[in-house]
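Undergrad: These are the residues of each chain, in order.
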Amino acid sequence: MESNELIKYLERKALQLRYYILEMIGVGKAGHLGGSSSCAEIVATLYFHWMNIDPNNPYDPNRDRFLLSKGHAALVQYAALAELGYFPIEELKKVKTLGGMLQGHPDMKTTPGVEANTGSLGQGLSIALGMALGLRLDGRKSRVYVILGDGELAEGQVWEAAMAASHYKVDNLVAFVDKNGVQATGPVEERLNSNPLAPKWSAFGWHVIEIDGHSIKEILEALKEANNIKGRPTVIIAHTVKGKGFSFAEHNAAFHNGILTEEQYLIAKRELEKLMQGDER
Amino acid sequence: MKRESLREAYGQALVEAGKRNKDVVVLEADLGKSTRSCLFEEIFPDRYFEMSIAEQNMASTAAGLALVGKIPFIHSFAVFATGRAYDQIRQAIAIPRLNVKICGSSCGLSDFGDGSTHQSIEDVALMSAIPNMVVLVPADAVETKKMVEAMVKYKGPVYIRINRNDLPVYTPENLEYEIGRMYTLREGKDVVVFANGVMVSRAMEAAEILQREGISIEVVNVSTVKPLDVDTLVEKVRNFKGAVIAEEHSIIGGLGSAIALALCKRKVNVPLEFVAIEDKFGTSASNYEELLVHYGLSVENICEKVKSLI
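Each protein sequence line maps, in turn, to chains A and B.
Under the numbering used here, the letters of the first sequence match residues 1 to 281, in that order.
Under the numbering used here, the letters of the second sequence match residues 282 to 591, in that order.
No wet-lab data here; the hints were simulated from the structure.
Even for Gly, the Cβ is constructed at its ideal location relative to N, Cα and C.
No incorrect hints appear here.
Pulled a few chain B residues facing chain A out of the computed Cβ check, cut under 10 Å:
(1) Met332
(2) Ser333
(3) Ala335
(4) Asn338
(5) Ser341
(6) Leu346
(7) Ala347
(8) Val349
(9) Pro353
(10) Gln372
(11) Ala373
(12) Ile376
(13) Pro377
(14) Arg378
Isolated chain A, as found in the complex (with noise of 0.2 Å):
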C-alpha cells in the first residue's frame, strides 16, 4: 500500500474502532470512553498494519505480542480483535455481561486474540519483559509491543520493569505511553505529576521517541525507528487527547468511565458517521 494509502485506511479504522467503543457503552452503562479513544490510533495501526499476527492462526509461536497494560481501555482491544475477525462482532454486544466472552478487563482464558491478563494497573510492561526474554531464549524474531496509561505510570512496578528491561537489553520490547493527561480523578499534572517523562525513561536506559499519538504518520515513523534500536528497549511517549473523537469527552474526567446520555450517544454517533463518510468521498 501507498504510504498516503495506508495512513487514509488506518485512520478509517481508527475510526471504526471508536464507532465499536460507542456502540459497546451505548446509552445508560459505564465504559472507558476516554482512554480507549485516546489510544485508538495506536492500537489501529499496530492491529491492522503492523504487527506480524494472523487471525486464522492465533497462536503462531512467532507472532507479534500485543498487551494492553492500561487494561481499562479493553473496549478499543475488543473492537480490534472483532474487526480481525478473532471473534464475530455480534459479541462486541455482550461486553460486561454474565457468560460473555469479553470481560470488563483483558482475560485471555475467555477472549481470543487477548494474550495475558492486564488491568491491574503497572503489571503489563512486566508481563511483555517477561515474553520479551522468553521470544528471545527461543531465538524467534517476534516483538512484544505494550500500552502503558500516564496515570499507570504511578506505579512502581513499571519502574521495576523499566530498570529490568534495559538491565537485560531487550531489544524486542517497544512501549507505547498513551499520554493523554487525565487519570480517573482529574489532570495528571494536579493529581500526582509523573512529568517530565522522556528524561525519567532515558535515565533508565530506554530510547525514547516522542509523537503525536493520533498521528498514524508519526506512529508508523517511530515504530520504524524502534525496529533499528538495537541493545535497549524503545518507549514511544505518544502525546493524545483523553476522549479523542467525541467532541464533549475530550480532555474530560467525567469520561474516564462515564455513562452516556442518550443526547450524548447521539451526536457522537452523528460525528462519527460524518467523519467515516466524509472519509469515503
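Assemble chain B onto chain A, guided by the hints.
TA: Quick look at chain B alone, frame taken from chain A:
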C-alpha cells in the same frame, strides 16, 4: 535421625529439572544464596534472571515467560514471595492459570533471627485463598526433591514453602510422590496427627514419647494443603478418637482451617485440636527451637493436645 537441608535439596532439584527440561527458567530476588537458586545460576546462567529486590516485577515477568512456553520458578523469602507480590500472583498468574512456580524460602519462623518482618506465618493462607493455586509444604529434603520434580510435570501455578533449617528425613527415598496426596508415616490406633513442614518431625518425636506412655498415634504428612486429599482424610479420621493438626503457620487459614472445613463439608464429626501459631506475628530469637517453643509448636504441645482427645 539424619538431618538434611531442604534448601540445598531444592536447589539441586532445580538443577536436575533444568537438565531434564530446557524450558525451566529461574528468577531470583537477590536471595539466591539463601534460597539456593544460585546452584541453577552456576549451571544455566542464560536461563537464570536476577530480577533483584523487586518481587512484583519478578512475578509478572514470570507470567510473561510462562506465556511464551517457559516454566519459570520464582524465589524469595516466603513472606515477600507471597505478600509483596500478592496482586501480581493473583492477577497475572493465577487468574489465567499460568505455569509459574513460586518458591517461598525461609518460611514460617525458620528465619529465627530476623524477626517478624522476615517470618511468614500467613503465606499458606494467602496462597490457598487464590483459586487455581496449588500449595505444597515439604517435610524434609527427600520430599522437597520429589515435589520439585512433580511441580515441573504439573501444568499450572504452584506455591512451595521451604524451611530454612536442616530437618530430619522421614520421607522414604522410594516413595511414589504425587501432588494432592497425603502420606502416612507411622500407623497408630488412638489419635491421628495431621502435620506438614517442620511439624512432621515433631509429630514423629511425639509419637515415640507417647508410645512409651501407652498411647498410639498415627502420623500423616499432609504436604499438599491444596488440593487437600479429602477422601483419605475422611477415611482416616473415622478410625480415631480425634485428630490433632500441627503446622508452623497461623491457626487462621492454614492446614488446620483446610482440614476443619473439609470435615465440616463432609459432615464428619470428630474432635479436633490445633497446634499452630495463635493470631500473632513472629519475633527474633537466638535459635529456631526457642521460637518454636515460644509459639506453642513443641513436641510437648503435640503430646498435650493428643492426650486431651483421649
